[in-house]
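Participant: These are the residues of each chain, in order.
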Amino acid sequence: MTDHSGIPTEILLKLYVIISKIRRVELRIESLYHEDEMKTPVHLCLGQEAISAGVCATLQTDDYVFSNHRSHGHYIAKGGDLPAMIAELYCKETGCSRGRGGSMHLVDTSVGLLGSSSIVGGGIPLAVGAALASVLRGDGRVTVVFFGDGASEEGVLYESMNFAALKKLPVVFVCENNFYSVCSHQTARQANNDISMRPRAFEMPSSRVDGVDVIDVFRKTMDAVNRTRSGKGPSFLECRAYRWRGHAGAGDNLKSQYRKLDEWDQWMTRDPLQEYEKALVAGNILTEKKKKQITETIDKEIDEAFSFAQASPLPNEKEVTKYLYS
Amino acid sequence: MTDHSGIPTEILLKLYVIISKIRRVELRIESLYHEDEMKTPVHLCLGQEAISAGVCATLQTDDYVFSNHRSHGHYIAKGGDLPAMIAELYCKETGCSRGRGGSMHLVDTSVGLLGSSSIVGGGIPLAVGAALASVLRGDGRVTVVFFGDGASEEGVLYESMNFAALKKLPVVFVCENNFYSVCSHQTARQANNDISMRPRAFEMPSSRVDGVDVIDVFRKTMDAVNRTRSGKGPSFLECRAYRWRGHAGAGDNLKSQYRKLDEWDQWMTRDPLQEYEKALVAGNILTEKKKKQITETIDKEIDEAFSFAQASPLPNEKEVTKYLYS
Amino acid sequence: MPWTKILIEQQEPGFDEHAGQDVRKLTFPQALREAMDQALDRDERVFVMGQGVDDPMGMFGTTLDLHKKYGGQRVFDTPLSENGLTGVAVGAAIAGARPVYVHNRPDFLLLAMDQIVNHASKWSFMFGGHVNCPLVIRAVIGRGWGSAAQHSQSLHGLFMHIPGLKLVMPSTAYDAKGLLITSIADDNPVIFIEHRWLYKHESHVPEELYSIPFGKGIVRRQGKDATVVGISYMVIEALRAAEKLAEDGYEIEVIDLRTLKPLDEEIVLQSVEKTGRLVIADTDWVTGGAGAEIAAMVAQKGFNHIKAPIKRVGWPDVPIPASYVLENAFYPGAEDIINAVRRIAK
Amino acid sequence: MPWTKILIEQQEPGFDEHAGQDVRKLTFPQALREAMDQALDRDERVFVMGQGVDDPMGMFGTTLDLHKKYGGQRVFDTPLSENGLTGVAVGAAIAGARPVYVHNRPDFLLLAMDQIVNHASKWSFMFGGHVNCPLVIRAVIGRGWGSAAQHSQSLHGLFMHIPGLKLVMPSTAYDAKGLLITSIADDNPVIFIEHRWLYKHESHVPEELYSIPFGKGIVRRQGKDATVVGISYMVIEALRAAEKLAEDGYEIEVIDLRTLKPLDEEIVLQSVEKTGRLVIADTDWVTGGAGAEIAAMVAQKGFNHIKAPIKRVGWPDVPIPASYVLENAFYPGAEDIINAVRRIAK
Ligand SMILES: Cc1ncc(C[n+]2csc(CCOP(=O)(O)OP(=O)(O)O)c2C)c(N)n1
Ligand SMILES: Cc1ncc(C[n+]2csc(CCOP(=O)(O)OP(=O)(O)O)c2C)c(N)n1
Ligand SMILES: [Mg+2]
Ligand SMILES: [Mg+2]
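Chains as they are written, first to last, in my numbering: chain V, 326 to 651; chain U, 326 to 651; chain S, -14 to 331; chain L, -14 to 331.
Extracted from the complex, chain V is given alone in its bound form (with noise of 0.2 Å):
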């Protein structure tokens, strides 16, 4: 684990408490979901926590993210309402998305962020696009992508990569590289697994980041974003860390049939809420106390954020062309 010296205790311990919530948050949906009440595809980050925590905490509440399918911890991360988004997987109508989008289209526009495409590598065009808005309007704002290693075989990628470095937009790309499309290993569809090397393609800085090392995670993206944000350009930053569930849904059971093996054992040792926490603890910056009474907190959140989606109205089915234009 990285070490976290000279980040600011306040900031350490909000990365842990985002951390947390996330995958309190996932495995709340996951225990809930064979009830078939939340009626839309779940795609699960678990495992992935500190890539949302750790670069969503570099960014100012007005800066955008775009998100994709995988999207839950982008939007708790980015300090999306969590109500709205548990009553969104219920298909609420008072979801973020008003019922209509689903677990795969959240939306916050009070905190920046600007939706989510569940077209791979849709979003990241979009991304590229709210960043010279931005640069229009001169209003200092950075914008993150966050996608999959899939997209990164989409040819978007390369079209907006070159397009942000040619006018040096303010725009960071966050790949979470967790070795999966749904079944399908990485290997079997890229000619050379080190993504952090394709935006050398365009002169874009570009680095590998340990995606379970949310200290890893934060100071590569911190200085990602002050980068873009003075002015010199986009970067990209290749989170690696381990899909721990299946592509969607809950549970993963068929694992046994496309995993390799060996790479789960290997990921399975790390955990980045746990790897965290002991180095919180090592460092003396959190204690039990402090620790059950976050995880309480959180619960209490959840447990509301559940309570309130359930207890929601449907959408009104008079009103199913509604939202078409604005």
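By construction, these hints were calculated from the structure, which means they are not laboratory data. Among the hints, erroneous ones may be present.
[Unchecked claim] Derived, one-sided and incomplete: chain V residues facing chain L with beta-carbon distance under 10 Å:
| # | residue |
| --- | --- |
| 1 | Y389 |
| 2 | E418 |
| 3 | C421 |
| 4 | G424 |
| 5 | S443 |
| 6 | I449 |
| 7 | A456 |
| 8 | L461 |
| 9 | R466 |
| 10 | T468 |
| 11 | G480 |
| 12 | L482 |
| 13 | K603 |
| 14 | S651 |
Every value quoted in this text rests on a predicted model; they were computed, and no experiment measured them. Every residue, glycine too, gets a C-beta built ideally from N, C-alpha and C.
Fit chains U, S and L with the ligands to the supplied structure of chain V, relying on the hints for placement.
Facilitator: Only chains U, S and L with the ligands this time, still in chain V's reference frame:
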């Protein structure tokens, strides 16, 4: 000019013939274009002849080539039937595409030219697919695809490179960097001007080639073709040469409005035909007599091609829906 | 991609043409798999590619274990590069192979429109017939479980508009196999669109390799009071509607077009000549969709037969919503067909 | 991209609504340029992007020198990355800017279908109205001089099918300016398709910034014997046809729809109520095109008015050929409209 030693005289002369032929065909087209009998947009490759010549001289007749809108040189160098090409420019039934395609859509399956797309970048994945078909059949063919610097901005190039490298397909990517897309300079469109860097994103071998120097083109392509024919996977060549004319049509009436003057002056010192001619003469491979003879043969061929084309019948307008399906 | 078990249970069972008979029956996915298996076996030029075709789910079973039988060179997974890989398939076809490219969903074909429309559909014509493109693109329409706007489109309305393509939309397992064989054997690019809700449908599927001609619809139920033309899954809903309407004495003729390009105009015109009334039921947006073409064709060529307004049943002009209550409101079914018929039938 | 001088000469001059009057006239490209100029001037959020918008030709003059006036940040050239750059425009729009993305030709929009259809058209709905996408995409239909299959498509038939888009196709300089202003002011994605053969058309264009409402067609010529609905350039051919037919005593009503989405159903239905006869003339493939939707709409809502088969005039089911003789055979014109009218008019 690169040293040509070691290359058989026969090939050296063939290269000379091809360059001359492309040059003279293009000049003839240009000189007649004002007659408005070739009612199709032409994209002349004057200044870029050595690329077509050098690349195609490394190929066997049944190797595949895919071309783009600037296709005349590729067609001639691959051994396409000249009368059929000129007839296509005259939109005649005897044209290589039976008058359905025009200048941007040349084809000659008898020499492996499977077609030209006028969608920038469109031919790139086709070439990769043809190479895949060759592997499935085990026919030992190599496929080459020609495209411009502009096409290197299309996402499909990156998708195609990744897949070709992943499957080690027998394909050579030939990027003709003439620094312009219509009136737009490369620097207005690309974050870095070194296109040859891009394939490294996929760990694909790549070289910068002096596209004015046919020997450089020939040698580097030969390496790439040999490599890929032996199953070692694809390569990429960035061949730099200058577009002497406007994007389309005859002449370049907007030259002063979009060209960089010093760039123009610099490139005007380099003529692929003259440089090569000088080298061949110096190497005692080409004599004045031989040169005259070659030129006369070519001109006769061109005369015949134009006569054939002009005398050929137009398509039958009743057959406008023919060839929709095979 | 099983999200939860309920999804598969919710799928509609199809009608059974051979109910109670002792014939071999296959499900829709099994029929597709058999078609590809037999094509791979018979013709070395055939290969199958697509995201996840070799994964444990084998594209809802339609490609299951084919890679084990034919090897990873002929049945292979692809990167997430829909435009590029479609171009690869087109290029392979141009060079003499016969690819079957399996896409999870039509939505993803939007990334490949350049290769499908600018290249595959035009390659034969643009080169005066000197080359051709024997390619099959399969895609499976999603529906339900909050799949939402980007994962439930059908988009055959778009392909209907493009000359040079063929467009196939089977609604039974029998047709699925026979039409997929025909598609693979065809020398031109074929878009083969399936509907996920047909995947539970079982019907008699002969073991031998058989093909069903393009451009031949089929009358699934005879009637004289109104014609309902169904597309893909809506054939099922049309049959349900016909059954219900029969209780009220309406005899509804149900036509399954099977292929939209070529379109069996005759079968529609003949039926309309008899019934004078037409409802078109589609699994796509009504506006500018395949139903518009069929209605327009009849308004021209069958004008003299038509005795009442031509009705179209399909999706309202709005993206597909996530919430199940909105899904219910969004997707038309037998009830909507019944209402449409009642409005125009005597 | 001037290929040869003849091209521009071959273009069709338009009809002149203010012939002989002393009013300010602009050509179609000048009108478009003025609309963008005034929009750029008035609203800081507006910017213009596209391949060659700042080049010496300025997109056939429509963007000429705007970059000099507003700077390279607000009027800029783009890489050849249609899908990516369309996504950039969509993202900028979502983040509050108002991009006008100029594409040379609709053919190239096929590379951007994912961003147009999966993203721009759905962003508002998919997020319950919390975000929106005020984007204008301009594209110019090519025709003639052997531009062939990949450089002459119009493709509005495709966009017609997609909810969430608006679709604008002006046929006069006056409408071009007013509708482009409306498009830029609209909070939703607008596809604005021009026809190159209208570029010589001159009409009265007021200097002030004015807008023309979407969904309002216009009767370009009154008549009672048949209705001809024209789309884009085919309005000109329809007017020519009407003139010729008038010599034989036919009074033809010519409707210019101006926008296809929203579609002015009323103007068509009202006209058909009067004439009982309908011909739709389009600059696109007939099959599955905008004309199919209009015909189907009338076959439903105007059934009682229609007294003869509905005719569609447009492109045959084949890619656009290069050779001029084949172009002549391929493109319909006034003659074809005349023939269609004659067949159905009394
Ligand atoms: C363009 C496109 N192709 C395919 C899919 C189907 N699909 C949905 S998520 C997914 C996996 C993407 O993998 P990756 O980008 O690595 O993200 P991860 O799921 O691992 O987070 C796929 C293939 C899609 N949604 N969009
Ligand atoms: C996808 C696409 N975008 C735009 C165009 C318009 N266009 C035709 S040729 C051309 C220039 C391409 O430049 P480059 O690839 O460098 O080739 P060059 O003309 O220099 O040989 C452009 C922009 C097109 N044909 N296709
Ligand atoms: Mg992944
Ligand atoms: Mg160039």
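Participant: Work down the list of hints and note, for each, if the structure agrees.
Facilitator: Checked hints:
1. Contact between Y389/V and chain L, as hinted, is supported at the beta carbon level, the nearest pair being about 6 Å apart and thus within 10 Å.
2. Against a cut-off of 10 Å between C-beta atoms, the interface hint on E418/V holds, since the closest Cβ of chain L lies about 9 Å away.
3. At a threshold of 10 Å, the smallest CB-CB gap from C421/V to chain L is about 8 Å, leaving the interface hint in force.
4. The closest approach between the C-beta of G424/V and any C-beta of chain L is roughly 7 Å, which is under the 10 Å cut-off, so the hint is satisfied.
5. Annotation: interface hint on S443/V holds; nearest CB of chain L at approximately 9 Å, less than 10 Å.
6. Proximity of I449/V to chain L holds as hinted, the smallest CB-CB distance being about 7 Å (cut-off 10 Å).
7. With a cut of 10 Å, the hint placing A456/V at the interface with chain L holds, because the nearest CB-to-CB distance is about 8 Å.
8. Interface hint status for L461/V: upheld, as the beta-carbon distance to the closest one in chain L is roughly 6 Å, under 10 Å.
9. About 8 Å separates the beta-carbon of R466/V from the nearest beta-carbon of chain L, less than 10 Å, and the hint is met.
10. At a threshold of 10 Å, the smallest CB-CB gap from T468/V to chain L is about 8 Å, leaving the interface hint in force.
11. This hint holds: G480/V has a C-beta 7 Å from the nearest C-beta of chain L, less than the 10 Å allowed.
12. A hinted interface residue such as L482/V counts as satisfied when its beta carbon comes closer than 10 Å to some beta carbon of chain L; here the least separation is about 8 Å, so the hint holds.
13. Given the 10 Å rule on beta carbons, the hint for K603/V is violated: about 39 Å separates it from the nearest Cβ of chain L.
14. Hint status for S651/V: holds, given a least beta-carbon distance of 3 Å to chain L, under 10 Å.
The structure fails hint 13 only (numbered hints given earlier).
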